[in-house]
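Chains as they are written, first to last, in this note's numbering: chain A, 1 to 124; chain B, 1 to 180.
Quick caveat, the hints were computed from the structure, so don't treat them as lab data. Hints may be right or wrong, so weigh each one.
List time: in silico DSS-like cross-link candidates among lysine-lysine, alpha-carbon distance up to 25 Å [said to hold, decoys possible]:
# : chain 1 : residue 1 : chain 2 : residue 2
1 : A       : Lys59     : B       : Lys176
2 : A       : Lys49     : B       : Lys45
3 : B       : Lys78     : A       : Lys59
4 : B       : Lys3      : A       : Lys49
Where chain B lies over chain A, by a calculated footprint (3+ residues, C-beta under 8 Å) [stated by the list, open to error]:
# : segment
5 : 36 to 44
6 : 55 to 68
7 : 71 to 81
8 : 108 to 114
For glycine and all other residues, C-beta sits at the position ideal for the given N, C-alpha and C.
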Amino acid sequence: MKGQWKTVESVIAGMVILMFVAGLASTSVHVPSSADATGNRALDAVYEKGVLRQYAAAKDLSSIESEIAATGYMSGYNHSVTICNQTVCVGTAPEEENVWRSSLLISGDEYHEPMEVILYIFRN
Amino acid sequence: MRKGQFFIIGAIFICALFFFGVSPVMKISKSPADDMNFIADNLQKELPHALNIGVNSSVPVDTAYGFMNFSRDTVLSKGVALEAVWVIFLPINGSINASAGNLDMPGTVGVNVSGTYGGIYVGVDSVNSSVFAVSEPVFNVTVTVSGESFHATLLTNKTSIYSTLSLEREGNTVRKEILA
C-alpha cells in the first residue's frame, strides 16, 4: 500500500511537470495590435503613393525605409525593411526583442517578379 | 513526509524556478486577425497588376497563376489559408478565351458569355479554358463558382479578370471579389 501511494504521488509530480511544459508550448505571444496596424498603414501609404513597386523591384531598401519614415507613422519606433521573392531575401530582420512585422505583396514592376515587402517595427 | 510528497514538491519547485528564471522574449509576432482584411485588400489591388504584367509579356494566364501561387505560400507563413478561383477573359481573333484557374478550389466554373454557357472544369491548382464566340463590342458574362453567381458587362477588346478568394485563419474568414 505504501508503494502504491508513492507511485501515485510520483505520477502526480510527473503530470504537474508535463502540464507546465505543455502550457509553455501553447503560450501565444500577446502583442499590442496597434504596432501591426501602424505597419500596415505605413506600407499602404507608400504603396498608394505609387513608389513602392519600383523601389521593391530595384531592391532599394533605403528608399523604402525613407518613404516609410516620411509617412509619420514611425514616431517612437525604429524600422527596417526586407524584400523576399520566391527564393531569396534582401535585407536582414532585426535582432531586437519585441519586433512587429507587417508585409505587402507585390507582383512586380515591369516584369513578373512576385515579392513580399516586409516592414519590421521595433523599439531600441 | 513521504518520498512521493517530496517528488511533488520538487516538481513544483523546479517549475517555479523555470517560470521565474526565463525572461519572456517576444520575437517576431503572429499577426492578429485584423490583418486578413489588409491581405485581402492587397490581393484585390495587386492581382490586376499581375495580369497587366502578364498581358505585356504575352503570358497573362501563367503570370496570374504565378502571383496567386506565391501569395498563397507567403500568407501561409502567417497561418492564413488562401483559396481562390479566377477567370481571365482574353480577346483572341474575334472570340473570348475564358481561362479559369484555382488554388485549392477544384471543380467546375460555370461561364456564360452572352447566353452561351460553358462549364470549365479545373483540377486542384490547375488552369483550363474554353472559347466563346463574341461579335459585339461588349459582352455580358456570368461566372458561377460553388453555386454563387457573379454578373458583369465586359469589353470585348480588353483582357479582364474576375476572381473570388477566401482567407481563413483560426475560424476567421475574409472573402473578397475582384473584377478588373
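Quick rundown of the hints versus the structure:
no.: 1; hint: A/Lys59 - B/Lys176; result: violated, 30 Å
no.: 2; hint: A/Lys49 - B/Lys45; result: holds, 14 Å
no.: 3; hint: B/Lys78 - A/Lys59; result: holds, 23 Å
no.: 4; hint: B/Lys3 - A/Lys49; result: violated, 71 Å
no.: 5; hint: 36 to 44; result: holds (count 4)
no.: 6; hint: 55 to 68; result: violated (count 0)
no.: 7; hint: 71 to 81; result: violated (count 0)
no.: 8; hint: 108 to 114; result: holds (count 5)
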